[in-house]
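Trainee: If you read the sequences in order, they're chains R and Y. Once you know that position 196 of the first sequence is 218 in the working numbering, the rest is easy, because the numbers rise by one and skip nothing. Once you know that position 53 of the second sequence is 75 in the working numbering, the rest is easy, because the numbers rise by one and skip nothing.
In short, the hints are calculated from the structure, not lab data. Here the structure is a predicted model, which means the values were calculated and not measured. Check the hints yourself; a few may be wrong.
Note: identical chains are not told apart, hence a pair may lie in one copy or across any two.
Stated by the list, open to error - In silico DSSO-like cross-links for lysine-lysine, where the CA-CA straight-line distance does not exceed 30 Å:
{"id": "1", "residue 1": "K260", "residue 2": "K177"}
{"id": "2", "residue 1": "K260", "residue 2": "K125"}
{"id": "3", "residue 1": "K177", "residue 2": "K244"}
{"id": "4", "residue 1": "K70", "residue 2": "K267"}
{"id": "5", "residue 1": "K95", "residue 2": "K260"}
Number of protein chains: 2
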Amino acid sequence: MSQLYVVGTGPGDSQLVAPKALTAINASSDLVAYGLYLDLLGGVCDGKTHHDLPLGEEIGRARLALDLAASGKTTALISSGDIGIYAMATLVFELLDLQLQGKESHPEWLDVEIEVIPGISAMQAGASRVGAMLGHDFCTVSLSDLLTPWETIEKRIHSAGSGDFVISFYNPVSKKRDWQLNSARDILLQYRPAETPVLLGRQLTREDESIRIIRLDQLDAKDVDMFTMVSVGNSESKHIVNGSKEWVYTPRGYSKKL
Amino acid sequence: MSQLYVVGTGPGDSQLVAPKALTAINASSDLVAYGLYLDLLGGVCDGKTHHDLPLGEEIGRARLALDLAASGKTTALISSGDIGIYAMATLVFELLDLQLQGKESHPEWLDVEIEVIPGISAMQAGASRVGAMLGHDFCTVSLSDLLTPWETIEKRIHSAGSGDFVISFYNPVSKKRDWQLNSARDILLQYRPAETPVLLGRQLTREDESIRIIRLDQLDAKDVDMFTMVSVGNSESKHIVNGSKEWVYTPRGYSKKL
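Next up, chain R with everything else stripped away, as it sits in the complex (with noise of 0.2 Å):
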């Protein structure tokens, strides 16, 4: 018998994580993941062996989690968030895949078992902080050109701006980028108004954690960091202000029938 979680903690607050990946993770003799995930995890990582790898090194924290798993070691493969969501769980699919086509010398991932737990990703943290920011249709844009042709990025931004969708960006910046935040705003201005509400919010649910609302116009990579959630509402997204709270919701038009 070879078990693979494939596990996601939710963004930071140990109250967002569900039992199940509680479990999971109790369950596994051996984690693989970014240290700083295990470190908010707290005790329950305890005594178990923890792989880590540099950022970066996606593939092989992958291929570690399928041959730990195959050599009989109950392991957990875990990241922040939901890891479902532009995160690890696909890679380790992608080498799945890739064993099935032959193009890989592993048939032992073949008889692992595998079981994928979801989490609460940072668009809905964020969301959540602030009102009800995702209460229509949404989308999500990664702006990471290291796997993603900037073409296809831009075409993308298109699309949710003319379909006027509420857009959470991912990989917003990194050290190495800069210039796709700006440019993706740029983009949105031709489709929504300038004061559309904006959402940053860093290290969200975390004991760190700091929220701005502004508006699109105001939008500026040097605003934002590798731990920055980027939400732009949509054209009808509204930011309301009730003494000292601020509120951005997404309306799904039942007032209209009010």
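Start from chain R and add chain Y according to the hints.
Mentor: Relative to chain R, chain Y alone:
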């Protein structure tokens, strides 16, 4: 002190409910929810006053939750999935907004402390059960034209098609609506191959869960009901079969680098 928790309880499996959601429910004296959701939660709801309203009475439910909280009763407004995604959260803020504009006469609503607690949405449950369908850019489209004109929905489907997003359809059919899903399929067939994998996930993560993976050209509203999540892959999503297991994943493009 008046407190309203706006709580998502995930797709159904009690092991996917965040501890934060249970804590909020536990702290509440009054629960506003569709009865079925509470049955799935079990014991934590015992001894609470349960306010149910018929499906369709969404505005009434949000209003009732604000009224109860404003009267001093700690209240939880509950829905399955993520309450911020096509669900009740946005209605609470629509009502607050109307009050701020002077279009309601409930100034007491403005003193209610509101906390929104996200949950795992059906698209995530579906993607995880078949592997990693949401591994790259995706969008959601509600096919309900009760509040959104069909022209807007149709335009969004075209945008989702041209942008090659993975698409999850919420509210794909209802007792009174049966043609929208087939129209959506026909639109998407203009943009992506007939063999594009489609997930039909019914009662996801619940005891009577059923999962089918079909081709886009096989998608038919007659095979779908209100409890079915319909997710359509993008042009690169792959359906793979490993013995008795089958998976769908949407690659990010790592294997091009192998």
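Trainee: Would you mind marking each hint as holding or not holding in the structure?
Mentor: The hints, checked one at a time:
1. K260 x K177: both (26 Å within a copy, 22 Å between copies)
2. K260 x K125: Between copies only: 16 Å across chains, 51 Å inside a chain, cut-off 30 Å.
3. K177 x K244: within (24 Å within a copy, 34 Å between copies)
4. K70 x K267: Between copies, since 29 Å is at most 30 Å while 43 Å is not.
5. K95 x K260: between (50 Å within a copy, 28 Å between copies)
Going through the hint list in order, the structure satisfies each hint without exception.
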